[in-house]
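Let chain A serve as the given structure and place chains B and C on it in line with the hints.
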Amino acid sequence: MTIREKGYTHWDGELKERRLPWWPITWLGIRLAFKKKYFKFIYFGSFIPAFVFLAGIYISERIEDFRYMIKGSTRILEVNPAYFKTYFTSDFLLFMMVMILVVSAAGLISDDLKYNSLQLYFSRPLEKRDYLIGKAAIIFFFLLLLTVVPGFLFIIFKLLFSGGFHFIASYPWLPFSVIVYSLLLTSFFCLYALFLSSLSKNRRYVSILIFAAYLFLDILFGFFYENFRKPAFALLSLKVNLQQLGAYIFKQKPAYPVPWYWSFLILLAICSLAYFVLRSKIKGVEVVK
Amino acid sequence: MKDRLQPRWRYLLDSIRRVFSVFFFLGRKSRRTRFFFVLSFLPVAVALIIKFNQLFSERHSLEGIYLFTNIIMLFYLQLIILILALFYGTSVCSEDVEGKTLSYLLTRPIPKSSIVLGKYAAYTLIIIIMTTLGLLFSFAVLNIDHLLDGSLYLTLFRYWGVLILGIVAYTAFFTFFGSFLRRSIFFGLLFTFGWESVIQYFPGSTQRFAIAHYLKSFLPYSSSGRFSFLTFRLEPTRPGIALLVLFLITAAFLGLTCLLFSLKEYILED
Amino acid sequence: MTAVIETSKLSKWYGNVLGLSDVTLQIEPGITGLLGPNAAGKSTFLKLLTGQIKPSIGQVSIFGRSVKNNYALFSRIGFCPEQDSFYEEMTGWEFLTSLLKLQHFSATEVKPRAERALEIVELIGDKDRLIRAYSRGMRQRLKFAQAIAHDPEIIILDEPLSGMDPLGKRKLIRLIKDYKGQGKTVIVSSHVLPEIEALTKNIILIHQGKIFAKGDIHYIRDLIESHPHMVFIKCADPRRLSSLFLGEDYVLKLYFGPGPQALLVETNNRDKFFSLLLSLLVKNRIEVEEITSPDDNLQAVFDYLVGK
Chain A
1 MTIREKGYTH WDGELKERRL PWWPITWLGI RLAFKKKYFK FIYFGSFIPA
51 FVFLAGIYIS ERIEDFRYMI KGSTRILEVN PAYFKTYFTS DFLLFMMVMI
101 LVVSAAGLIS DDLKYNSLQL YFSRPLEKRD YLIGKAAIIF FFLLLLTVVP
151 GFLFIIFKLL FSGGFHFIAS YPWLPFSVIV YSLLLTSFFC LYALFLSSLS
201 KNRRYVSILI FAAYLFLDIL FGFFYENFRK PAFALLSLKV NLQQLGAYIF
251 KQKPAYPVPW YWSFLILLAI CSLAYFVLRS KIKGVEVVK
Chain B
1001 MKDRLQPRWR YLLDSIRRVF SVFFFLGRKS RRTRFFFVLS FLPVAVALII
1051 KFNQLFSERH SLEGIYLFTN IIMLFYLQLI ILILALFYGT SVCSEDVEGK
1101 TLSYLLTRPI PKSSIVLGKY AAYTLIIIIM TTLGLLFSFA VLNIDHLLDG
1151 SLYLTLFRYW GVLILGIVAY TAFFTFFGSF LRRSIFFGLL FTFGWESVIQ
1201 YFPGSTQRFA IAHYLKSFLP YSSSGRFSFL TFRLEPTRPG IALLVLFLIT
1251 AAFLGLTCLL FSLKEYILED
Chain C
2001 MTAVIETSKL SKWYGNVLGL SDVTLQIEPG ITGLLGPNAA GKSTFLKLLT
2051 GQIKPSIGQV SIFGRSVKNN YALFSRIGFC PEQDSFYEEM TGWEFLTSLL
2101 KLQHFSATEV KPRAERALEI VELIGDKDRL IRAYSRGMRQ RLKFAQAIAH
2151 DPEIIILDEP LSGMDPLGKR KLIRLIKDYK GQGKTVIVSS HVLPEIEALT
2201 KNIILIHQGK IFAKGDIHYI RDLIESHPHM VFIKCADPRR LSSLFLGEDY
2251 VLKLYFGPGP QALLVETNNR DKFFSLLLSL LVKNRIEVEE ITSPDDNLQA
2301 VFDYLVGK
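Protein chains in written order, with our numbering: chain A, 1 to 289; chain B, 1001 to 1270; chain C, 2001 to 2308.
It is worth saying that the hints were derived from the structure and are not from the lab.
Keep in mind that the hints are not guaranteed to be accurate.
[Said to hold, decoys possible] Non-contacting residues of chain B with respect to chain A, defined by C-beta distances greater than 10 Å in every case (computed):
(1) Pro1007
(2) Leu1039
(3) Glu1063
(4) Gln1078
(5) Leu1079
(6) Leu1105
(7) Leu1152
(8) Gly1161
(9) Ile1185
(10) Gln1200
(11) Phe1202
(12) Gly1204
[Stated by the list, open to error] Quick list of in silico lysine to any residue cross-link-like pairs, SDA-like style, CA-CA up to 20 Å:
(13) Lys230(A) <-> Lys201(A)
(14) Lys114(A) <-> Gly1099(B)
(15) Lys201(A) <-> Ala274(A)
(16) Lys251(A) <-> Ser90(A)
(17) Lys35(A) <-> Arg1182(B)
(18) Lys2068(C) <-> Gly1099(B)
By construction, the Cβ of each residue, glycine as well, lies at the ideal position given by its N, Cα and C atoms.
Same shape as in the complex, but just chain A (with noise of 0.2 Å):
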């Protein structure tokens, strides 16, 4: 039948959907941080820890030779979940994850709110789940880099220097701790950017409330506790939070003797927070009265 004697017919083709819908928004996402000089810069800075600890492995294995650059205890170059822990909590890479989170997400959603874009995704075959998975998967893909890929180089680094399986047999949980705690430091960060990132639609001043809120509770922190001297100060910092969770993850104890539960429902209140938020704030439409 020609062009012409067709009148009035459904489509016969088939809509053929994209398996990963979001895929398009992480990747346009990735793309765009790394096109920023000064973002290169930290994200390659953050990788610093990671490089100091796998010197460290290689050094732990070779102790005898570099008896001679260590002097005093070499209990610090112990290489057990302990070493995993104070790599995955210390301060530097925790704020580092917060300069990240500074450049690449500030602008993830209110870029898109400021510039009315929400409508141009919405107006494609994408859910409102689709969005926020592409645009949490470009924090994932950030942050996880920085936690899950060194945690297991150090275990693979660890068995290749050591020439045998005894690391891994004795803290055969290790690689399961790595990837539990990098999943829940990486999806706290997220939720936190994104939540806040919804919030207004000047990216800078974005920027700023995604640092200060996180400086700021940990000041607050410890002016509390210095004045109180009470450990169950330490729930008022996201920072501490996060540390308490990573040492009972590792099975290590904790800094401050506060159960990990307590840690762990108030990071899962933030998060549950700003999903609620998150949800709410990104629409197609918005009715301005």
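Below, chains B and C alone, put in the same frame as chain A:
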């Protein structure tokens, strides 16, 4: 127009005043100011908690003025005014460029430097008002049983003066940042919580490359006590010199900003 | 008439990209339309006129004075930018009064001027609503209001009709035309040809940063001698009529249609052709229903000039 017959300096001052009034009004109205107002009142909440604890605790409690000068003031000096100055300072130039409203200002019969100075003055005053209210409430809460003691007010006035100097200097510095850096917030955070936090612990003259050093020079140094790390400095500067340096920093950065803003072309891309 | 705005060899580069090239012209009082497609250089030209950007080469002078660092001139100039950007947390009234304050008007002058401007653009009823809640057309009208509120002598409008509905466009066009009668100088830029045609006959054609032509649309059309003119004639017997001027060397082509009574003539000498046509119609008593020049409009001129 009779304004153009006025001496240039008077016309400039009048322009600054007009820009100030517009942006003071706009700044007060904006939603983010409400958020920052709440932020600057958080130390009041801290003061209330400390005070309630003192009321119900049997332990010997610290003097209200001690808590005010060693906790609350440093909360303001080392966090709140930095955050506020960073945001508002960088907004002076960046806000109109990012919001693409710069055309409205550049096509008014006002010198470009009056836009910078007027907005700077407006935002600095907003920060001063926000922090002063929080400071006064915190002071009142912590010293509620000694409010009739006149000597406390001298201390309050002194610390309030340091706070204002800090706001003025930091806002001027970040105004300059915002006039030429695209990612001024990022570099501002690096400067404030990176450079300034670290450099004060370096011996020699390097610590003088931090605004915080000069502000701390006005505060009594305590070598002992739980909070001594907050007033730490290796080689203090005399208060008179510190005051002069802070004014010079403010004047220099504002002058540079005016120059840069007048010379720079801002392309408002679609 | 003395030129109000003069530019001399005005050029602007954005890095390696040429924004405007060697523009030398004079603009007199009245309405001047600046016509060109997107990215032609219209906004660049207007921003150079208003001193928002600096020329790479050349000069701009308004009222005989250089625009460079001359902020005092802005008390006599009103500018309506292309961007749809406002201080969203202000109401329309607050926005207008704030900008009037920056114009150095006293408190007593600001209120009546703001009211008058809002009445002109029919926004007086919505003056206390937040700009964030304004429709696109209202925002466009507010932009126009801030450009005229201080009663400037020169009004520069960058795409003022963009995003407006047809009724809104008509009203704004009428408003702009009123200013011509008041002796003001209005420069209107647009890429929509009917808008410019409705506003003025005096146009500047710009494309790829260069001025292609300036002047009355008919004058520009006549300048393009090499490009033949088309004349459309609707009459009872087009074939008989066509046979009468077929022998003339300035009649290049003939097309019959659309319809049995239509004839389209291509000629390279419009004046001679019309003169012949009139005499033939009278002499042969041929009744004519319609005579038009389909290409004597801005679109045809523009298309020809930009090489379509």
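*Mind listing which of the numbered hints don't hold for this structure, in increasing order?*
Violated hints: 2, 4, 5, 9, 13, 18; rest satisfied.
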